[in-house]
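In terms of the numbering used here, the first sequence has 298 at position 298, counting the first letter as 1, and numbering is strictly consecutive.
Where hints are given, some of them may not hold.
Listed next, the in silico DSSO-like pairs over lysine-lysine satisfying Cα-Cα at most 27 Å (straight line) [unchecked claim]:
1. K430 <-> K389
2. K142 <-> K207
3. K207 <-> K294
4. K434 <-> K370
5. K430 <-> K388
6. K370 <-> K146
7. K311 <-> K370
FRET-style restraints, in silico, Cβ to Cβ [to be verified]:
8. R268 <-> A185: 53 to 63 Å
9. G236 <-> P184: 26 to 36 Å
10. M443 <-> E289: 26 to 36 Å
11. F23 <-> E285: 45 to 55 Å
12. F23 <-> T89: 17 to 27 Å
13. E214 <-> E285: 18 to 28 Å
These are calculated hints, taken from the structure and not from any lab test. Only a predicted model underlies this, so the values are computations on that prediction, with no experimental measurement involved. No residue lacks a Cβ here, since even glycine has one placed at the ideal position from N, Cα and C.
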Amino acid sequence: MLALNPQHASPDPAPPMLLSRYFLPILRETPKEAEILSHRLMLRAGMIRQEAAGIYAWLPLGFRVLQRVTQIVREEMDRAGAIELLMPTLQLADLWRETGRYDAYGPEMLRIKDRHERELLYGPTNEDMITEIFRAYVHSYKELPKILYHIQWKFRDEQRPRFGVMRGREFLMKDAYSFDIDEPAARRSYQRMFVAYLRIFDRMGLKAIPMRAETGPIGGDLSHEFIILAETGESGVYCDADILGLPIPDESIDYDGALEPIVKGWTRLYAATDDVHDPARFERETPPERRVRKRGIEVGQVFYFGDKYSKPMRALVTGPDGVERPVIGGSYGVGVSRLVGALIEANHDEAGIIWPDSVAPFVVGIANLKVGDAASDTASLKLYGALKKAGIDVLYDDLDERPGAKFARLDLIGLPYQVIVGPRGLAEDKVEVKTRRTGAREMMSIGEAIARFAA
RNA sequence: CGGAGUGUGGCGCAGCCCGGUUAGCGCACUAGUCUGGGGGACUAGGGGUCGCGGGUUCGAAUCCCGCCACUCCGACCA
């Protein structure tokens, strides 16, 4: 038996989630700098604090959402067979000189010197470093395929950061890199990630549409952007309405099985952002009633880039024929911190945020409408204790405030379910369960409320 | 990077043109009383290097110069 300290041995190490002890700095008025809706709501709901242009501190509520999103991404990457590691944020300039990208990248790259005048950079992406790691250890086709990923902060010194976390300079990104012996194998890896991405966004309740994309400075010849539809999106998107109804593979998906039909199904129909949009083709391939013209937010991108990095960096593997050749690669990014903003863009109303259950910072909020009233306090605590014990993420509003303020705050922070406890309901031994998304309210006993969530 | 702006208690703003009481208002905050199912009312309080530096002046939040930070519109990006 390990010698655990008492704290670690505690049966219930989770801290109490009483609002009176939590840190949730709600803003009643909207800070003037926030233009876009998700940015305003994140500031008002006390999720983030701007520390510099495009650089944010994640406050407890926002951090919880960020962690939820991170965890979904991680689970789906793992399911697809990718392997997590963690690379540093700082990289040596010399590494980037091997691929010529140190000069090619331009002012978006934050360049730093250490005390020895060594040139460093804050990584905007990690192809060079992962290739360096790969070449140090892998030399045979027998070790392939490999998909490695990490979830790490990136920095791109955007000319004009805006839209809060949707386009910050510092942002959290999941980036995965695939290594294969040849192009057909690399395309299989690409398909794995493609399908994993369908699942990632679906689990967050987002309709993400893969669209043919330019490859940009990363390079390569096969790429898709995953775009979610939202009125405030940065780019115009055009697609076939039938894409929106395509089924998403469930968690029993066999990543070693046939993935190509799935990918084909999703890429067969027309879908393009405005920079690659071909109006003539759109009209030729899509019947008028199925032509969707909307705005979208890019939340992920997958690239196949072949030997673009492995060749200059001499990341070589020996094939079954005994011949050494550059490993064939792809890279696959998800904007994790951007997703938090995108989720709000896709899930809100006049009163505030409406979190999908899967990413909600807390699933249930308990509002004690009359703190200090014995019946209300007892009922609220009973609910709180039972839900916590059942493993439900619950936030208990135990502040001595007026009901209106509590309702407004709970609506703003967007917890999927509210349990409203007050003298009026308790007179009949009931509490009210409100579903944030629909506004539906239902009176039920405390036992029924517990069963409802703890099921 | 081109263009346009803004910096005044935690937040939103007024004051600046035309220099001169103790820099003001709403919200928030503190104490108390009454309240209590959609951001309550009253009373009494606390809190400000007016972004930073220099200059003009008897006197600068206010005029002049320089710098910094931030925002918005456009071209570019997870």
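Going through the hints against the structure:
Distance check on the hinted pair: K430 and K389 sit about 21 Å apart at the alpha-carbon level, within 27 Å; holds. For a cut-off of 27 Å, the pair hint linking K142 to K207 is broken: about 38 Å separates their Cα positions. Distance restraint check for K207 and K294: the Cα-Cα separation of roughly 13 Å lies within the 27 Å cut-off, and the hinted pair is therefore satisfied. For the suggested pair K434 and K370, the alpha carbons sit about 18 Å apart, so the restraint of at most 27 Å is met.
Under the criterion of a C-alpha separation no larger than 27 Å, the hint pairing K430 with K388 is consistent with the structure, at around 20 Å. Under the criterion of a C-alpha separation no larger than 27 Å, the hint pairing K370 with K146 is inconsistent with the structure, at around 57 Å. About 69 Å separates the Cα atoms of K311 and K370, which puts this hinted pair outside 27 Å; it is violated. Taking 53 to 63 Å as the suggested C-beta distance range, the pair R268 and A185 does not conform, at roughly 23 Å.
In this structure the supplied range 26 to 36 Å holds for G236 paired with P184, their Cβ-Cβ distance being about 35 Å. In this structure the supplied range 26 to 36 Å is violated for M443 paired with E289, their Cβ-Cβ distance being about 44 Å. The supplied range of 45 to 55 Å is met by F23 and E285, whose beta-carbon atoms lie about 52 Å from each other. A C-beta distance of roughly 26 Å is found between F23 and T89, which places it inside the suggested range of 17 to 27 Å.
Under the hint 18 to 28 Å, the C-beta atoms of E214 and E285, about 20 Å apart, fit the expected range.
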